[in-house]
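**Q** Below, each chain spelled out in residue letters.
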Amino acid sequence: MTRKQQRMGMIVGGLALLAAAAGLILYSISDTLVFFYTPSEVVQNGVMPGTRFRLGGLVEKGSLVRDEGTRVHFTVTDTDKQIPVTYQGVLPDLFREGQGVVAEGKLNARGVFVADTVLAKHDAKYMPKEVADALKKKGVWKEGEKMSRSTTQ
Amino acid sequence: MIAEFGHFALTLALATALYQFVMPLFGAWKGDVAVMRSATWAAFAQCALIASAFAALTWCYVTSDFSVANVYENSHSAKPLLYQFAGVWGNHEGSMLLWVLILSVFGAAVALFGSNLPVTLKARVLAVQGSIGVAFLLFILLTSNPFLRLNPAPIEGRGLNPILQDPALAFHPPNLYCGYVGLSVAFSFAVAALIEGKVDAAWARWVRPWTLAAWMFLTIGISMGSWWAYYELGWGGFWFWDPVENASFMPWLVATALLHSSIVVERRNALKVWTVLLSIVAFSLSLIGTFLVRSGVLTSVHAFAVDPRRGIFILAILAVFIGGSLALYAWRAPSLQQGGLFAPISREGALVVNNLLLASAAAAVLIGTLYPLAIEAINGAKLSVGAPYFNMTFGPLMVPLLILVPAGPLLSWKRADAWAVAQRLWVAAVISLVIAVAVLAFVHRGPWLAPFGIALGVWLIVGTLTELVERIRLSRAPLALSWSRLIGMPRSSFGMTLAHLGLGVTVIGIVSVTAWRYESITVMKPGGTVDIAGINVKFLGEHPATGPNYTADAGSFAVKVGDRKITTLTSAKRTFVPSRQTTSEVAIHSFPTGDLYLVMGDKQPGNGRTVRMYFNPLAPFIWLGGILMFIGGGLSISDRRYRVGAPRPSRRPVAQAAE
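Line by line, the protein sequences are chains A and B. Start counting the first sequence at 22; every next residue gets the next number (the working numbering). Start counting the second sequence at 660; every next residue gets the next number (the working numbering).
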């Protein structure tokens, strides 16, 4: 092999590797994106059961029910629409009724959101931006939040 | 008074930084040696002034001076002394002050240890450091002044966020910042070299210790952060692909690539243009990381700044430094002389592949981190890119890299014999495959890929040891000769061996926790028991407890294996006094085979508690590997050739040359 051929080989090899990496990125990103919806958006967009998404809003006051065992039920509201949520596991330290929450999971056939991850916010200095924006739109946002999370995955 | 003194010192530091930025460049342009030399003193002065400002803020914290707004917002007089210190950087303003302090310490260190640098290069490096100082001091003074007063002064502070009150987290930000900011030195050297139009082996040798130091701090900082998340956040994971974690991980990946490519510059005088680019990119990613964390644009556990003005200011700093340095690069890089031809199969070739893979991995992480921001900016849709994306892209890019790691140091420079290397590594390959098959045969849980992940870790360890054995000719030469070769090895070779071993150890830890963790979530009443992974855990009951600034419900759990009593674990729910915020204290017991991880959750009707338990097989390996990499970096940095003043041409025997 001449030097020129060698160099070409290296360049082609390098480019092939980069192309493979780029392909991998494009393929994965379209497959693993998770959208964020408020309860109103879930109703409006008619999100299909089985689609994975993040649900954000406030935990409705008085909606938290604990089953025998470790399953919990609560309702997420944006003061307009409500979505019932069920979660198996330990809720994060900051989970409270009347406070903001982000849950990740899927709707089941009966329209109940089955969450496998729950993120809660509280009244420190920071809150999930999605929830803040969504609640701001509804005019129920309060200053500054921080979050903690809990997952069964 | 003390706060005003701090503010004044900071303003003076800005003036000094301005001098350090402008005058040495002017001196280098005019060829005025005295002006160039004055950069050294400017660097010392800037460091002393910022240190005074930092000391002033620390004083305000330790004396609980709540007339200072920053102290009021982030401290409390009942807080333990350690966290009064750590509180200084547990908030936006203080952490930025720490950032510039570390920057100026690195600048002063270059001034101090750079006596063997050519006078123009040293002046230009310090000038670039000075320019970074100017930007960030302006940022602090204009948008994030920690010395603002409150009138009237409140009686009591609001307290530090309880989840930040932890020893590992107290020292996690300083470590990480040392890593971030340490990369500024490589950046300054790269920009100075572009101005000079000269990159050679000596340049690489000067930059390398600084890159190594930054890399070590990043390694230990990331490990500590991950360890903290593991035992403090209470959901049993060690890495979440959280944007803030990514912010520190991307510079680490690129710094790792830079460490490897600078070897090629040093030994073979090749890959110069690429190495300069990596130096620029590494620090640019540090700046992007600072922006992501400090501007509060992200949805994340760590982001604690909520002021868009700051975001825009940092964005401007980003644009100037990244854009400016890349423009300079585009203009000047073609004038750098290329040298050192090599065949595709050679040590250089392997290091190029290493660099391509690491850079692609960093790009994948960057895209996954910024994608949600870009989409939201474009059409307002809110989405998140979660762990699945990162696992799908990062994993496949790392596997070929990890397979190549043991082969790299066995390849000779310039042109290598792949077959000869394969022959040396076949023992390691067989051992790894045997282990994969054994794991496949005996462990019937978890994904089928996991045994191969373990095999990969074993391959890294055995392959790296093979290289060591080859190097000292163990079993081929008399033992005494091998021994003398072993102790005669340069420290940087030991460093490489240790770092690669650490990588293998971490891989094994990550794979086994991810694939074979046991989990149990149950309601336990006092006297109740749960069996997990052959361990018997009995809930003994709970009792109230108090700490300096919290009250707690502490649950006790007796741990037994068979009939043997192992220990009693205590997990608590703490409620902090100033904020009424609660945290869960995780209880962990490390067995040789892994960690028993226990968190007591909410109260249940009838005296019960939700209790979450994990058994994380080989979990400590993850951080043990990080420590090994850190020590490896330390050994490399102490290598003789970085302390010897005069740069030597690389005329060593080929088989000796390695990092």
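Hints are not guaranteed to be accurate.
Stated by the list, open to error - Taking lysine-lysine pairs in the DSS-like style, the calculated list, with each CA pair at most 25 Å apart, reads: (1) A:K82 x B:K1224; (2) A:K102 x A:K82; (3) B:K1073 x A:K25; (4) A:K102 x A:K127; (5) B:K1184 x B:K1224; (6) B:K1073 x B:K1197.
Said to hold, decoys possible - According to the in silico footprint, chain A covers these stretches of chain B (three or more CB under 8 Å from chain A): (7) 1007–1019; (8) 1045–1054; (9) 1175–1182; (10) 1239–1246; (11) 1256–1262.
For the record, the hints were derived by calculation from the structure and aren't laboratory data. Glycine included, C-beta positions come from ideal geometry on N, C-alpha and C.
**Q** Between K1073 of chain B and K1197 of chain B, does the CA-CA distance stay at or below 25 Å?
**A** 63 Å, violated
**Q** Hint check: K82 of chain A vs K1224 of chain B, CA-CA at most 25 Å. Holds or violated?
**A** 45 Å, violated
**Q** Against the 25 Å threshold, does the CA-CA distance of K102 of chain A and K127 of chain A hold or violate the hint?
**A** Status holds; Cα separation ~17 Å.
**Q** Quick check: do three or more residues in the region 1175–1182 of chain B have a beta carbon closer than 8 Å to a beta carbon of chain A?
**A** holds (count 4)
**Q** Are 3 or more residues of the region 1007–1019 of chain B near chain A, judged by a Cβ distance of less than 8 Å?
**A** That given contact holds, which follows from 6 residues of the region 1007–1019 of chain B lying within Cβ reach (below 8 Å) of chain A.
**Q** Does the structure keep K1184 of chain B and K1224 of chain B at a Cα separation of 25 Å or less?
**A** 20 Å, holds
**Q** Taking a Cβ-Cβ distance under 8 Å as contact, does the region 1045–1054 of chain B have three or more residues in contact with chain A?
**A** Satisfied; 5 residues make the cut.
**Q** For the region 1256–1262 of chain B, does the count of residues with a C-beta closer than 8 Å to a C-beta of chain A reach 3?
**A** holds (count 3)
**Q** For a C-alpha distance cap of 25 Å, please report whether K102 of chain A and K82 of chain A respect it.
**A** Since the Cα atoms of K102 of chain A and K82 of chain A sit roughly 14 Å apart, the hinted pair holds (cutoff 25 Å).
**Q** For the pair supplied as a hint, K1073 of chain B and K25 of chain A, is the alpha-carbon distance within the 25 Å limit?
**A** Distance of about 16 Å is within 25 Å: holds.
**Q** Can you take a look at whether the region 1239–1246 of chain B is actually covered by chain A? Rule is 3+ residues, C-beta closer than 8 Å.
**A** Contact hint for the region 1239–1246 of chain B vs chain A: holds, 4 residues under 8 Å.
In this structure, the earlier hints numbered 1 and 6 are contradicted, and the remaining ones agree with it.
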